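Enquirer: Listed below are the residues making up each chain.
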Amino acid sequence: MKRHLIFILVAISALPAFADDPQSSIKEIYFNLGTHTEYYNAVQNDDSGGLRKFDLAPTIGIGLGIPWKNNFHFLPEFNWVLPQTAEDSHIIINTFMLRGDLGYDVYGWLRLRLGTGIMWQNQQGRAGKSTQNNGNSTSTFYYPNENRSSLNNTLDLGIETLLDQYSIRLQTYTYSIFKKEQRQYSYTIFLTYFWDK
Amino acid sequence: MKIFFLLLIISSPLFAYTLNNNFGASFKNNEIKVYIAGNTTCSTAQLNIYDLNDLITPANDNFWNRVPTSNIRLSNGGYTDAIDNINTGRLCAPTDNDCIVDAAATVIPPVDGIVIACNNNPDNFNGSNVLAVTIPNKFSGRDITGAVILINDSSVVFAGLSKSDKIGVIAHEVGHAIGLGHTDDTAALMYYRTVKQRKTLGEDDMRGVSYLYPMKLDGMGLLGGCGTISTKPPGASGKSLFWQMSITLTIVILISELIKLLRSKTRSST
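Heads up: the protein sequence lines correspond to chains A and B, in order.
My numbering applies: residue 1 is where the first sequence begins, and numbers increase by one.
My numbering applies: residue 1 is where the second sequence begins, and numbers increase by one.
Hints listed in this document are in silico derivations from the structure and should not be mistaken for laboratory results.
All figures in this text were calculated on a predicted structure; none of them were measured in a lab.
For glycine and all other residues, C-beta sits at the position ideal for the given N, C-alpha and C.
It is possible that part of the hints are untrue.
What the hints assert, rightly or not - Here are the simulated DMTMM-like cross-link-like pairs (lysine to aspartate or glutamate), alpha carbons at most 25 Å apart as the crow flies:
id, chain 1, residue 1, chain 2, residue 2
1, B, K163, B, D143
2, A, K180, B, D54
3, A, K180, B, D61
4, A, K180, B, E31
Claimed, not checked - Now the stretches of chain A that chain B is said to cover, found in silico as 3 or more residues with beta-carbon under 8 Å:
id, stretch
5, 89-96
6, 116-128
7, 133-144
8, 149-159
9, 171-185
Extracted from the complex, chain A is given alone in its bound form (with noise of 0.2 Å):
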């Protein structure tokens, strides 16, 4: 623990050093707002079989455009799924996105994004206790009262069209793709306004 805040300390004193250029390298800022759906076809969401398309997950971010060269962006971004809570809020959890792509224009109006990214998902337990059905009685099992994370790195490809200052695009992730019994796909449907375009 030491060892990362010496490392972060050191790391915001550098801040100055990158600021001796005055001209930013950053050419839009944009907000994502969007809904997040996890494991697509993977997750059985009903009792005869059905699996789960889609998730209302309302979902948060913010990113920036870096030009490259050409028609190339590089566009690093934060998304946050909001707050699902379960039972009562026994379990919250949180899932955030530490993402960067690579964005190519094919159009004006088409962007094509390839990237990777950081899955930190969340689960803060309330503790408490629960009485389920268990075969003909009933017994007491109980809910998490720690706070722990999962940590996956994504593969992650998107497509947006760009509509003025707004775009729509479908950002999806792929874990574990050098495991393929562990493979996962989950996507974002973003709506994304730009502030500084």
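We have chain A already, so just place chain B on it with the hints.
Expert: Okay, now just chain B, sitting in the frame of chain A:
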């Protein structure tokens, strides 16, 4: 914009997974073997040990091993040595005092990993329609080190299931063995009843196994994210530090660029 605000207040309802105990016990090592008791017989359940063996791999791979946010790796460990009383005994968990005081009962011998067997003693099952029970029977502090799954061989109820339902039942009991409790969600594998069309895990199951066995940066599957036993404190691994440094550096550069942009904006507006 109205649609956006509507989205913010509407989201899918969630249930909540539960855990077997109030201290969140789980296996310490994420690589867990599922064995078959070498001397088990399942005459009423109409299985031999080879049939039972065929159910284990799909129960692991079609369910628990598919969750990318969890590093759990269940595998088929084959057959164990003979276990006393496993087929007929009234078997107690070491913490089940009500059972232990019964003179006819025996405390089940501790096992390593997860062991599956058939048992024809009706006292182990709270009714003939109960398909199976799981007895976590070996702990080390907060860690589970062993659990026994008993398939109800005292009634024909298990024999009447299709193969895919039998796989679902084994997967459900493995869920208990790794530390999960029941949920209210009928779509979840950890719902207390079997579901005829069981295809994969429900959302609750995925959240639960990710809580007990969280993935820590898997490099898209290349690194495996294995929770191998380490003498380093949590979060101090070289892999973790590399990612944290990279992310911090990227954020610092982006913040500096953003500051420049905002400065230039301020200048141009004045």
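Enquirer: Need the list of violated hint numbers for this structure, in ascending order.
Expert: Of the numbered hints, just 1 does not hold.
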